[in-house]
Structures are given as C-alpha cells and as structure tokens.
Amino acid sequence: MSQDTSGELEKAQEHEHELEHVLRRTDTNPRAAQRAERQVAIMFGLSMLASIGFVAAYVGISKTASIDIPIIGSIGLLNLTLGLASGLGLFLIGAGAIHWARQLMSDEEIIDERKSFAADDQTRAQVVEDFQQGAEESGFMKRPLIRRTLLAAMALMPIPAIVLLRDLGPLPETKSRNTLWRSGSRIVQDISYKPIRPEDIPLGGLVASALPADLKAIEEEQGTLNERAKASIILVRMAPDEIRSQQIQDGDYQGILAFSKICTHLGCPIALYQQRTKHLLCPCHQSTFDLADSGNVIFGPSARRLPQLAITVDGQGYLVAKEGFQEPVGPSFWERG
Amino acid sequence: MSAGSPRRRRPIAAAALVTVGLVLMGGLYAAASSLASPARAGTNEASPELISQGAQLYKEGCSSCHGLNLEGVPADSANKANPKVNGPTLIGVGAAAVDFQVSTGRMPVGAYGKQVVAGRSSYTEEETSALAAYVASFAPGPAIPSKEDLDTTDASLAEGGELFRTNCSQCHNFAAQGGALSDGTFAPSIDPSQPNHIWEAMLTGPQNMPVFNDTTVNPDEKRAIIKYIASIKAESNPGGAPLGRVGPVSEGLLLWTLGLGALIACSVWLGAKAK
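In order, the protein sequence lines correspond to chains A and B.
Residues -10 to 326 (this note's numbering) are what the first sequence spells out, left to right.
Residues 3 to 277 (this note's numbering) are what the second sequence spells out, left to right.
None of these hints come from the bench; they were simulated from the model.
Do not rely on the hints blindly, as some may be mistaken.
[To be verified] Think about it this way: if two alpha-carbon atoms lie no more than 25 Å apart in a straight line, the pair counts; the simulated BS3-like pairs of lysine-lysine are:
1) A:Lys267 <-> B:Lys116
2) A:Lys311 <-> A:Lys164
3) B:Lys235 <-> A:Lys52
[Claimed, not checked] Just some of the chain B residues that point at chain A, by a computed CB distance under 10 Å:
4) Glu164
5) Asn169
6) Gly181
7) Leu183
8) Ser184
9) Ala189
10) Phe214
11) Asn215
12) Glu223
13) Trp271
14) Ala274
Yeah, the Cβ is synthetic: ideal placement off N, Cα and C, and Gly gets one too.
Just chain A, with the same shape it has in the complex (with noise of 0.2 Å):
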C-alpha cells in the first residue's frame, strides 16, 4: 500500500470520527417505536388479506365479468382483480421489510475497508510453483507424441461446424428475382381466389391483396407461404389521363394499373392506397410510392421504386399479366448489384 492511499484513508476516518450519528424518532421515542412495529404488522397483514383475496377472486369472479373504469374504460373484472391482489402480496411484504429495517433495525454506521484485489506474495509464489510442478509431472514437454497429437486434434475440432455452416445455403440464386407471375398469369383476389375483370374496379377503386391464380395448387403443394410473399400485388384504377408515367410503356389496362404489394425497403405488405393524392404509403417506416408516377420513392427510406406488373385482359376478359415483373420484388438483397 502505498503512502498516499494510506493517508487518505487515515483523512476519511478522521473525517468519520467527526460525523455525529444522528438518532431517529424511534430510537429516541419509545411510542413511536411502537408505531412503527404496528405499521409493519398492519402491511404484512394486508398481504395476508390481498393472498386469501386472489383465491377468493379466482373462485368467486366469472371470467367474462367486467367493470367500467372511469378514462381506461371496460376491462376484464377478472384479470384486474387477480392482478392487484398478487401486486399487492407482494408489494406489501417487500415495503413491510424495507419500513422495518428503515425505522427498527439498527442503523449504526460502520466502515468496512476494501480489501486489496491482489493475493500476497507468498500465495502467489506458491500458484506457480504448483503450475510448474504439474507441467513436469504430466510430461506435457518430455512427451512429444502426446503433445501433437492433442494439438492436431484440437485444431480439426471447428470442422464439424464449418461443414454445418455450409448447409445454411445453397444460395437463393434466382429465387429472389423470379415470381410465379408469367405472361397469361390471371389475376384473382385474394381470400376468394376470384377472377376480377377490368369492369369490376371501379375509378378510385383498390383491390388490397391480388395473387396469381395458380398459387393456390402451388401453397398446397409447397405448404409454405414463399411464393406469396413474393407475387402478392395490388391493383388501382385511376382515369387514364392521371398516369404520369409508368415503368413498362401502356403496363396499365384503362387505368387499372398492378403494382407489388412488397415494400422495397424491408418487405412489408403494403396497401394503404390514398386515392386521391394516388399515394400509397408503407406503414412500417413511411415510405411513399406515387403510383401515378411510375411507383417513384416520394419520401421514406426506401431506395428502389415500386416494381410495376404489366396487366391486360384474356379472351375471356379477365385481368391477367402481360408478363412477368421485369425487376425483382421486395427488398433489396446482396447479389442484386
């Protein structure tokens, strides 16, 4: 210990001695000792009654009994109950242990001295000693075999996980940039699976979550939902003469125009479709497309326009795609360039 610390910690007792300590009511006043033992009786008492009230509440209280609480409103009368009572159990005895070493346990200040972080001399003298004895004595040094041999092995150890690692792929290759959506793919709504013709959209008119007609068969088979995710789209019609511009030359059909439902920025479905100001706006971190103009980012995060589906009519008159996206849906991913 050096001179310096020593002589700092000499000031602080100094300075300790110096401190009165200062007594409380209830060290001085008898009656209020008294008080305060009763007042932690009384808390530890109401825990006891909040206990035997959660069971008396779980027994007695239907499940579907609510009461209406002025400015939150109706809530579960059940729930509400159960939950005040636990909270109270256990508060109760937590604040009933803290008032009494507060007001009636002891309360005489003491100072206890850190003790040094490093071990003495003579124990650290005997650590290495003991250390080089049983370098000797396991031959680790006299035994070279030994030592190779547990050294080659433990350097093949990380391989099995290498090769483990190697089965998060193969890589995506072009699942990311393709989707089931082909030339002739009929558009049909979702939930229904209903064919939609051109008629069927009316002027402002939004069709929230549109697929490829044959993604049913395609989800049974696969069970998953990766082609959705993919080839979910929606469809607007505003007048014609509203288009600004489009990504694929005459891509609408009369003004209904088909845009991926999937935000380019992190892939959130996307269908809060303003259909006055055409603006169509990514809830999760407010990226706006105008999809009177090409689908252009107007404002938001997101960094690549909104791919726009070719659409027209089949023979039978029903709304189908003139071909596939002509740009990868979604987010953006590492091999897009």
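We have chain A already, so just place chain B on it with the hints.
Frame of chain A; chain B shown alone:
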C-alpha cells in the same frame, strides 16, 4: 316610355313571371325525378316532394361549393373569399355518398384543412334524405343501403375478419382504431361508425379512401366486414386497459413512464435516510 320597359313593370307582369317560374320549376323536377334511375332498383325511390325539399336545402347549403347544377367548383376559380375551395361535382356520386357525408357531419364542411373530419350533422334525418334524393335524381349512383342490406345475421364472422385484415386494417388499424396516412391526413377510427356509414364509405370511397364497390367487395363480404367490426367493438378488454388498442407503442410508453416512475419512486424511498 314603352309598356315593356323594365322600369315600369306592371303588377300583372310580376304575377305572370312567378307563374312561369313555378311551372318551369315543377317541370324540371318532374323531368329530374323521371330521370332518376337508382343504382339498385327499389332502394332509391323518392317522392317529388322530397326531391324539391332537397333542392331547396341544396341551394342554401351546398351550391356555393358544388355548383348550382352539381357541376362542382374548381379550386382555381375566381372564388376570392375561399380560393382553396374545391367542390367536386356531385353528379353520379349517388345517395350513399350524400348520406355518408352529411349524416356523419363531414359536409357541409366547417373548416378547410388537410382532411374533412366527422362531427355533428347540421341536418335532420329527413333533410339528409331529401338532399340525398335530390343529388341522386341527377344521375344514378350508389344507393343508401336498405335494412336487408345491413342484416348481418347470416354473415360469416371469420370471413369478415379475413376481409377486414386484407382490405381495411392497413389504414384503419387491426382493431378499427384508425391510423396515420401521409401528409397530415389520417384514416379515422371506425369505432363510432354506424353499419350504414361503413357500408356507404366502402361503396363511395370518401376523401382518400379507395372505392370498394360491389364487384371488388361484394355485398355478402361487406356484411361480413360490418359484422366483424361490430364484434371487435363489442369485445371487452380482458387484458386490462386497452390504451387505444394500438399495440406496443402505447403499452411501452406507459411502462416507460408510469412503470419506471414507480420503480424510481420506490428506490428513492429505499435510499432515503430515515428520520
């Protein structure tokens, strides 16, 4: 001065003018009401008296923005008092649009802003139906739903939930509480909405809401959606205070303020010196 001079109008001329005017008006109304062809038969039948009452109300309350003949007033016209007023044409909007806008108090609009908000209606039920009949008499449009239209007894609640989550929840929130749109606009909460107003809003697409006509969301599906909205409205909150039913944002806010505040209060009490 000649007898036909405007400065010396004879009493008999005034009477003749009034008569001619009345006959003309009557003829117009008759023509208008015969033109009225409701979007769905049997739902928009209105008596000529109702239409003429509507015409009067329209002239007083609506024509300054929507034009004397429902043709609309563009925003850039020489409207010096309110250059921002952009009254769209009401020809073909149908009775449903009028009933929705007027009975939810959105029209006549009180203040021009980003969005016209709902409020107390300025018209009685009868006046609203007169206005609706008058506007519908110009051109066919979506009709006010009948009692049968709104009868959700046979509607499928599960299908309504699916449809609601697909078509409505993106703007109006999964518990129909409404939500923010872009540029200061918002999708209002559907909590206080009446079934007929929900129906009419889907059918007519007020303000920024897209139109969900009977071919994109058919009447059965509309009934299912209405039934679902009624069911989530009626649900109590078994988990405690709903906090606006908007999910983790308000719950987190409450915990970070009230919850942590209570913990800090406790630790202050723990550390304070007893007296």
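Here is how each hint holds up against the structure:
1. About 15 Å separates the Cα atoms of lysine 267 (chain A) and lysine 116 (chain B), which keeps this hinted pair within 25 Å; it holds.
2. A C-alpha spacing of about 21 Å is found between lysine 311 (chain A) and lysine 164 (chain A), which places the hinted pair at or below 25 Å, so the restraint holds.
3. For the given pair, lysine 235 (chain B) sits about 19 Å from lysine 52 (chain A) by alpha-carbon distance, which is consistent with the 25 Å threshold.
4. Below 10 Å, beta-carbon pairs count as interface contacts, and glutamate 164 (chain B) has one with chain A at about 5 Å; its hint therefore holds.
5. Taken as an interface hint, asparagine 169 (chain B) checks out: its beta carbon lies about 5 Å from the nearest beta carbon of chain A, inside 10 Å.
6. Given the 10 Å rule on beta carbons, the hint for glycine 181 (chain B) holds: about 7 Å separates it from the nearest Cβ of chain A.
7. Of the supplied interface hints, the one on leucine 183 (chain B) holds, with its beta-carbon coming within about 6 Å of a beta-carbon of chain A, less than 10 Å.
8. Residue-level restraint check for serine 184 (chain B) holds (minimum Cβ-Cβ distance to chain A is 5 Å; threshold 10 Å).
9. Because the beta carbon of alanine 189 (chain B) sits about 8 Å from the nearest beta carbon in chain A, less than 10 Å, this interface hint is met.
10. Because the smallest distance between the Cβ of phenylalanine 214 (chain B) and any Cβ of chain A comes to about 7 Å, under 10 Å, the interface hint for this residue holds.
11. Contact between asparagine 215 (chain B) and chain A, as hinted, is supported at the beta carbon level, the nearest pair being about 4 Å apart and thus within 10 Å.
12. For the restraint placing glutamate 223 (chain B) at the interface with chain A, the shortest Cβ-Cβ distance is roughly 8 Å, inside the 10 Å limit, so the hint holds.
13. Of the supplied interface hints, the one on tryptophan 271 (chain B) holds, with its beta-carbon coming within about 7 Å of a beta-carbon of chain A, less than 10 Å.
14. The criterion of a C-beta within 10 Å of any C-beta in chain A is met by alanine 274 (chain B), whose closest approach is roughly 8 Å, and the hint holds.
Every hint from the earlier list agrees with this structure, and none is contradicted.
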